[in-house]
Amino acid sequence: MHIPDGFIPIAQCLIYYIIAIIFMAISLKWMREKLDEKYVILMAILAAGIFAIMSFNLPVPFGSSGHLLGAALIAIIFCSPYAAILVLALVLIIQALLFGDGGITVLGANILNMGVVGGFVGYYGFIGLKDKIGKYFAIGISSWAACFLAAIVAAIEMAIAGTFPLGLGLFYMGGYHAMIGIIEAIITVLIIKGIESVRPDLLSFNRGSD
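Using the working numbering, the final residue of the sequence shown is 210, and nothing's skipped along the way.
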């Protein structure tokens with residue numbers, strides 16, 4: 001769901017940049033207050049993994065691209081949407097500057113869609129559902145929703161920009177990521193279950209939310 005340069009007018013891009021910068025500033029403050037060296041290392045390892053899975057893109061008609069996200073994974077492991085914002089922002093900046101994946105002018109929009117929307121949906125979906133349907137079902141549903149809704153927001157942004165009709169954008173971006181989200185949900189559950197089986201202390205929800 002990387003939006004490339006030229007899909008959104010500069011004035012609209014500036015609005016998304018401002019929003020993204022605000023959330024990144026809050027996220028950096030969260031990191032300074034909440035993370036010690038052990039968890040910074042874990043975050044760096046997960047960021048490398050997310051960089052890898054986000055590098056496999058499927059072209060989406062009337063959209064941008066389809067791929068796994070990883071925002072819910074980070075948000076749930078660290079019990080904070082701000083962790084997801086930090087990791088996704090870092091990955092997106094590197095991809096845009098070094099690999100031309102996504103654009104520079106639309107970087108704020110991409111951080112907003114994937115980091116902010118993905119992180120908040122993933123985390124609060126998990127928190128809202130885990131006591132109702134069980135931890136792992138909540139992880140699966142919230143990670144699916146994070147991937148799907150991030151794509152929907154990207155489609156809405158590009159429709160506002162006049163890049164393509166809203167209906168077609170929602171159909172293709174939503175349809176592709178509804179399917180991709182199933183893979184996202186399975187991978188997220190497997191990774192978190194794997195971490196819990198060997199190092200449950202690394203999962204913030206096992207220690208209580210920070």
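Think of the hints as simulated: they come from the structure by calculation, not from any bench. All residues carry an ideal CB built from backbone N, CA and C; glycine is no exception. Please note that the accuracy of each hint is not assured.
Said to hold, decoys possible - Label pairs and their computed distance ranges (CB to CB):
no. : residue 1 : residue 2 : range
1   : P200      : M179      : 29 to 35 Å
2   : D131      : L98       : 18 to 24 Å
3   : A44       : G162      : 36 to 42 Å
To be verified - DSSO-like, lysine-lysine: derived pairs with alpha carbons at most 30 Å apart:
no. : residue 1 : residue 2
4   : K130      : K29
5   : K193      : K132
6   : K34       : K132
7   : K34       : K193
Review point. At the C-beta level, are P200 and M179 separated by a distance inside 29 to 35 Å?
Key: holds (32 Å)
Exercise for review: Mind checking the alpha carbons of K130 and K29 for me, to see if they're no more than 30 Å apart?
Suggested key: Roughly 27 Å between the alpha carbons, so the hint for K130 and K29 holds.
Review point. Should the hint that D131 and L98 are 18 to 24 Å apart at their CB atoms be regarded as holding?
Key: This hint is violated: roughly 42 Å between Cβ atoms.
**Study point:** Distance restraint evaluation - A44, G162, Cβ atoms, bounds 36 to 42 Å
**Key:** At roughly 39 Å between Cβ atoms, G162 and A44 fall inside 36 to 42 Å, so the hint holds.
**Study point:** Pairwise hint evaluation, K193 against K34, where the allowed Cα distance is 30 Å at most
**Key:** holds (23 Å)
Exercise for review: Compare the distance between the alpha carbons of K34 and K132 with 30 Å, and conclude whether the hinted pair is satisfied.
Suggested key: holds (28 Å)
Review point. Keeping to a limit of 30 Å between CA atoms, is the pair of K193 and K132 held or broken?
Key: holds (19 Å)
In terms of the numbered hints stated before, the structure departs from hint 2 and from no other.
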